[in-house]
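**Q** Keeping the supplied structure of chain L fixed, place chains D and E upon it in accordance with the hints.
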Amino acid sequence: MSKNNLTRRGVLKSGAGIGAGVALPTIFTASSAGAFTNEPTGNTVTLGFNVPQSGPYADEGADELRAYELAVEHLNGGGDGGMLNTFSSKVLDGTGILGKKVEYVTGDTQTKSDAARASAQSMIQKDGAIMITGGSSSGVAVAVQGLCQEAGVIFMAGLTHSNDTTGKDKKANGFRHFFNAYMSAAALAPVLKNLYGDDRKAYHLTADYTWGWTQQESIAAATEAMGWETVNNVLTPLAQTDFSSYIAPVLDSGADVLVLNHYGGNMVNSLTNAVQFGLRNKQVNGKNFEIVVPLFSRLMARGAGENIKGIVGSTNWHWSLQDEGSKAFVKSFGTKYGFPPSQAAHTCYVQTLLYADAVTRAKSFNPCDVVAALEGFEFDGMGNGPTLYRAEDHQCFKDVLVVKGKENPTSEFDLLEVVEVTPAAQVTYPADHPMFAGGNLGTCNPGA
Amino acid sequence: MFGLEKKDLNLLIIVALLTMLAPFILNPFPTDSALAQFNAGYPDLMQRFVIYGIFAIGFNILFGLTGYLSFGHAAFLGVGSYSAVWMFKLLSMNVLPALVLSVIIAGAFSWLIGFISLRRTGIYFSILTLAFAQMSFALAYSVLTPITNGETGLQITLDDPRILGMSATADGSIPVTNIFGLEMRAATDLVIGPWSFTFSVGYYLCALVMLVAFYLSIRIFRSPFGMMLRAIKSNQTRMNYTGLNPKPYTLAAFVISGMYAGLAGGLLACMDPLAGAERMQWTASGEVVLMTILGGAGTLIGPVLGAGMIKYFENIFSKINEATLHSWFDVLPDPMENGLVWVLEHFVGAGWHLTLGVIFMLVVTFLPGGLVEGGQRIGRLFNRTKAAKDDESAATKPAE
Amino acid sequence: MDAILLQIFNGLDKGSAYALIALGLTLIFGTLGVVNFAHGALFMIGAFCSVTLQRLLTLSHETLDPTKLDFLGNPSKIKTPYIVEWFGADAGNTIIDWSVPLAILFAIPIMLAIGYVMERGLIKHFYKRPHADQILVTFGLAIVLQELVKHYYGANPIQTPAPDALSGVMQILPGVVYPAWRVVYFCFSLAIIGGVFAFLQFTTFGMVVRAGMADRETVGLLGIDIDRRFTLMFGIAASVAGLAGVMYGPINAPNYHMGMDFLVLSFVVVVVGGMGSLPGAVLAGFLLGILESFASMREIITLIPGINQIIIYLVAIVILLVRPRGLMGRKGVME
Chain L
1 MSKNNLTRRG VLKSGAGIGA GVALPTIFTA SSAGAFTNEP TGNTVTLGFN VPQSGPYADE
61 GADELRAYEL AVEHLNGGGD GGMLNTFSSK VLDGTGILGK KVEYVTGDTQ TKSDAARASA
121 QSMIQKDGAI MITGGSSSGV AVAVQGLCQE AGVIFMAGLT HSNDTTGKDK KANGFRHFFN
181 AYMSAAALAP VLKNLYGDDR KAYHLTADYT WGWTQQESIA AATEAMGWET VNNVLTPLAQ
241 TDFSSYIAPV LDSGADVLVL NHYGGNMVNS LTNAVQFGLR NKQVNGKNFE IVVPLFSRLM
301 ARGAGENIKG IVGSTNWHWS LQDEGSKAFV KSFGTKYGFP PSQAAHTCYV QTLLYADAVT
361 RAKSFNPCDV VAALEGFEFD GMGNGPTLYR AEDHQCFKDV LVVKGKENPT SEFDLLEVVE
421 VTPAAQVTYP ADHPMFAGGN LGTCNPGA
Chain D
1 MFGLEKKDLN LLIIVALLTM LAPFILNPFP TDSALAQFNA GYPDLMQRFV IYGIFAIGFN
61 ILFGLTGYLS FGHAAFLGVG SYSAVWMFKL LSMNVLPALV LSVIIAGAFS WLIGFISLRR
121 TGIYFSILTL AFAQMSFALA YSVLTPITNG ETGLQITLDD PRILGMSATA DGSIPVTNIF
181 GLEMRAATDL VIGPWSFTFS VGYYLCALVM LVAFYLSIRI FRSPFGMMLR AIKSNQTRMN
241 YTGLNPKPYT LAAFVISGMY AGLAGGLLAC MDPLAGAERM QWTASGEVVL MTILGGAGTL
301 IGPVLGAGMI KYFENIFSKI NEATLHSWFD VLPDPMENGL VWVLEHFVGA GWHLTLGVIF
361 MLVVTFLPGG LVEGGQRIGR LFNRTKAAKD DESAATKPAE
Chain E
1 MDAILLQIFN GLDKGSAYAL IALGLTLIFG TLGVVNFAHG ALFMIGAFCS VTLQRLLTLS
61 HETLDPTKLD FLGNPSKIKT PYIVEWFGAD AGNTIIDWSV PLAILFAIPI MLAIGYVMER
121 GLIKHFYKRP HADQILVTFG LAIVLQELVK HYYGANPIQT PAPDALSGVM QILPGVVYPA
181 WRVVYFCFSL AIIGGVFAFL QFTTFGMVVR AGMADRETVG LLGIDIDRRF TLMFGIAASV
241 AGLAGVMYGP INAPNYHMGM DFLVLSFVVV VVGGMGSLPG AVLAGFLLGI LESFASMREI
301 ITLIPGINQI IIYLVAIVIL LVRPRGLMGR KGVME
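Protein chains in written order, with full-length UniProt numbering: chain L, 1 to 448; chain D, 1 to 400; chain E, 1 to 335.
Just so you know, these hints were derived from the structure itself, not from any lab.
These numbers come from a predicted model, not from an experiment.
Mixed in with the good hints, there may be bad ones.
Away from chain D, derived, C-beta distances all over 10 angstroms, residues of chain E [claimed, not checked]:
no.: 1; residue: Gln-159
no.: 2; residue: Gln-201
no.: 3; residue: Tyr-313
no.: 4; residue: Arg-325
Under 8 angstroms between C-beta atoms, here's a sample of chain D residues computed to sit facing chain L [claimed, not checked]:
no.: 5; residue: Tyr-42
no.: 6; residue: Asp-44
no.: 7; residue: Leu-45
no.: 8; residue: Ser-142
no.: 9; residue: Gly-172
no.: 10; residue: Ser-173
no.: 11; residue: Glu-183
no.: 12; residue: Gly-276
no.: 13; residue: Glu-278
no.: 14; residue: Arg-279
no.: 15; residue: Asn-315
no.: 16; residue: Ser-318
no.: 17; residue: Lys-319
no.: 18; residue: Thr-355
no.: 19; residue: Gly-357
Yeah, the Cβ is synthetic: ideal placement off N, Cα and C, and Gly gets one too.
In isolation and in its complexed conformation, chain L is listed as follows (with noise of 0.2 angstroms):
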C-alpha cells in the first residue's frame, strides 16, 4: 500500500480551500436586497404554475394549465379578456400585474408532495416566483401550502377538497377557492333526502388516507342529521385497482345507498365495479338501491363512461352554468382550445385573476399586502355567483352545485346536469367548526 504523503504546503493549500469552502456562507452575509421574497424589480413578474403532469392526475394538470395560459394571457390584454369584463372588481385592465407584463414557468407535482414541494422550491429559488399555484389533491397542497408560508411567497390552491387544507392545516399565505368536503356534504344532504327520501342505509367506501376520511366524516355527519343510517365504512387502500371485493360484501348488508369516497382513478373504478356487481338495478328495501360520488369531476366522469348515468355528486364548478361570468370563461377558452373547461381549470384561472386583482388593489406585491387585500374580499361574476374569501380561515364561501350524470348526452362533454345550486349561505360554517379544529393561520410571512 503506498500511502500519498502530500507535502506541508500541499496541505496548507488543500486545507485554506476546504477551510474557505466552510466559512464562504458566513463571508457574505444577509442575502441580497428585496423587502419580500422575489420583490419584481424589472417590468416583469413571474407566476409559478405547479400542476400535475405525470401520474393519474396528468389530464386535469393539463387541463390547469391550459386554463393558467388562458388567464396570464388576459392579464396581459391578449384574446377576448374572459371573466375580467364580468368579474366585480374592475381594477385589472389588462396591462399585466401593476403594469408588469406576467410571464410564467410550470413544473410537474407528479402529484408526490416531495416532487411537488421540490419544483416549488425551483420556482421560488431559481425562477424568482412570486406567487405559486395549482395542484391537484389535497396531499400536495398542504405541502406546497406549507412551503409557500416558509419562504414567503403566496400560496393560490388549486384543485384540493379536503377540509384540511384551510382546516388544521391552513397557512396565513395560503388561499383556497376551491369548495371543501364539508361544503360537499352539506350541499348534498338536502338533496338526497328530496332524491331518495330520509330513510336509508348508506353504506360508504372511502379512500384510506386524509381526504376520503375527512370527506367520509363530513358525509355521514350531514347525511345522518337528515335521518340516514350509517351501516358501515370500509376503507380501501389507495392502491387498490379492482373493488370487487369491497363491493360484493354491499349487496347484501341491507344498505340500499353506496356512498363512494373516491376521487380520480380509484373513483372511476370503484363506481364501474359498483355498476357491474348490478347495484344499479337492485331494489333493497323495497327502494331502488343508489349510488353517491360526493365530489365529482367532468374529466373523470368521462373516465367512468356510461357508468355515471344517474349518479349524483357535487362540483365546484360546471360549463353549462349560464351566468355572464362562466359564459365568457367557457367562451374564451373554448375558443382557444375547442372544448370546454373543466372545474380544475376554473378554479385555477379564477385563482390567478384573483391573486392579479388582490396585488393591484394593494398596490403591491409584497405578499403581506395581497394577504390583507385577499381576506374578506368580497367578489362577483366568476362563474360561482357572489362570493367571500373568508378571513378567518383563507377559504372561499360561493354557492355549490349539485349535479347529476345525465341520461343522455348530447356530445362527449355533456355529462353532468345540475340539478341544484346550493346557495352559499346553507354551506357556510363557523370558522371554528370541530371538522375544521386544530390549525393556527399564523402571521403572513414576506419571507427575505
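**A** Same frame as chain L, but now just chains D and E:
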C-alpha cells in the same frame, strides 16, 4: 493522507472540489439568457443532488459490493425523514440531533429487515425487501397516520412542543431548521456581471456530510471488510468452504447502507422539514437502483453521477414548457420553429419521463458499465490523443 | 355463506389476472433468463389494443346539424361511424358493441409482432448481461412505452365496455349473482393457461422449449436452433400479457399506468410461486388473489386494521421464509 491510496485520494479531492464549487459549476449560463433554463445551481436542487448521492453511495455498498439487490431501500430513507421531523417537532430545530436520530432509527430498522431478508438470496431477497418496504409505505399512508400524517406528510406546526427550542418565533412563524443558530436556508448571492451564484448553508452542510460519507465508502471499499463483501458476490459457496460465515458481513453491509439511507432521509428533512410517505414507495426504491446502475454499480463515483443525472432530468427537463421552446427558436422561420417545438415537446415538460426512459436504454445498451464507463472511454480517448500516462487519470475506475 | 362464496369468486377473478401476467413473466424468465420489467407495459399495451380497435371502429363521418348548437353556439357536429354507414345501423352497432372480444383477434398479431421486435431488437443483446442491466433497460423501455401511450391517449382512463349481452350480472348459483364479464374473464384465463401448458407439454416445439429451459447449451449442441424458438416464446409471453390486458378492459377502464400498477404485484406472484416454475406462478396468482379478497372483508379489517393494505406482501414474506424457493421454485434459479 487519510489512509487512502494516491488514486483514491485524487478522486476524493476531485469530488471535494466539484461539490465545493458546485454553485459555480452548475450555473454556467448568465441568469437572463435563454439557456438559464439549464442552470441547476439553486440550493434546493444542489441539496437534492448530494443527498441522493449519499443515498446511492450507501446503496452501492450493499449492491455494488455484495451483489444483493435490495428493492426496499426507500423504506430506510423514509424512516430517516420521519425520525428527523419528529425530532424537530419534539426537541428543537437543530439538525444535529435530528440527523443522529435518523441514522440510529434507520440502522435499527434496517437491522431488523436485513436480519429477516438475508435468510434468502438472489431475487427472493429482493422480493422480501420489496415486500417490507411496500408494507411500510402502505401503513405509513393509512393506518399509521397519527405518526406519519399520511397523505399530507409529516410537517412541523406552530403548536409542536420543541422542548429545547421554541414552538413559534416571536413574529408567529414556524422556526427554521438550523445548526447552532445558523439557518439552513440562509443564503447569499454573488453577482458577477450577468451571472448570479447562490451559496446556501444547507447545501454546504449536505456537501460536507456527503464528502464524509464518500470518504467512508472509499475506506469500506478498500478495507478487508470490503474484500470480504466482494468475496460474497463472487462466490458465496467457496467462502462457506473456507470456514467463513458470510451472513454477518452481508448484514453489516445492509445495515451500513440502511444508515446511509437514513442519513439521506434525515438530511432531506433538515433541508425541507416535511416527510412524505411516497418516499417509501417502491418507485423510490427503484429510483436508487436505477441511479446506481445508471452511474455504474460497484464503482465509487458512479452512483453519485447516476443520482445527479436522474434528479437533473426530474427538476430541469420537467420545467421546460412549450412557451420556453418557442422562445428558444424564435429566430427560426415559423414552420421550422413549429416543427422543432412539436418534436421537442415530446421530450420535455410533461414528457420528461420519456427522455429519462430513452436515456436509461441508451446508456445501458451502449455503456455497459454505466456513466462511469462513458467517462472512462472519453478519458481513454483523451489519453490516446495526448499519448499520456494511461492508468493514473482513470479516477473513476470501477471497483472490479 | 354467500359472502364467503362471493369473495372466493372475487379472489379467483383477481387471481386470474395475476396468474396470466405472472405466467408470461415466468415464461420469459424461464426461457430467456431475462428479468422483464416491461412486462406490465405489455399488459397495458394489450388493453390499449382494444381501445385502439374501439377508436378505429367508431371512426366517424362528421356532419353539421344546424338545428343543434354546441357549447360555443356553433352548429354541433353529428358523428356517424363509417361502420354504421357501411353495414347498416344494426350490424354496425353490434360490431362496435363487441369490440372487446374482437380486439382479441386484433391484439394477437400486434402483440406477437411487438414481442418479436422487442426480443430481436433489444432483449437479445442482454442475455449475457447482468440482471441489473436487464432491469434498467426493460424499465427504460416500460417508461417509454407508457409515455407514448399517455401522449396519444391521455392520462385518464378510457372505458372499453363489455358487449351488452355480457355486461350485466349472471346467476351462478341459486341466489348468488356475479358480473357476467368477470365469469368470462375467469374462463378465458383458464383457457389461456391450459393452452400454454398443453402447448409446452404436448407439442414437439414445446418439448424442445422445455428442454431448452432446463439446459440450453446441451439443446444447442444437439443442433437445434433454440434461439429461434425462444424468440417465439417471447412473442407468446407478450401475447398472453396482451390478451390479459384486452380482456381486463371491461373490468377496469384502461389507463396508461395500469402496467406499473401490476408490475410489482406480478413480480411478487412469480417469486412466491417460485422462480422458473410455471405451475407455481399460476398457483401463487390464485392464492394471493383469494387471500387479498378475504383480507378486504369488513370483519377481518375490524379485527386487524390495515391488513387489506399489506396482505399480499405479508403473505409473500411468510411463504418465502417458510419455503426458501417459493411454492414450487427450482433450485439454483436466481438465488
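**Q** The structure should be examined with respect to each hint, and the outcome stated for every one.
**A** We went through each hint and held it up to the structure:
no.	hint	in the structure
1	Gln-159	holds (23 angstroms)
2	Gln-201	holds (26 angstroms)
3	Tyr-313	violated (4 angstroms)
4	Arg-325	violated (7 angstroms)
5	Tyr-42	holds (4 angstroms)
6	Asp-44	holds (4 angstroms)
7	Leu-45	holds (6 angstroms)
8	Ser-142	holds (4 angstroms)
9	Gly-172	holds (4 angstroms)
10	Ser-173	holds (6 angstroms)
11	Glu-183	violated (10 angstroms)
12	Gly-276	holds (4 angstroms)
13	Glu-278	holds (4 angstroms)
14	Arg-279	holds (6 angstroms)
15	Asn-315	holds (6 angstroms)
16	Ser-318	holds (4 angstroms)
17	Lys-319	holds (5 angstroms)
18	Thr-355	violated (12 angstroms)
19	Gly-357	violated (12 angstroms)
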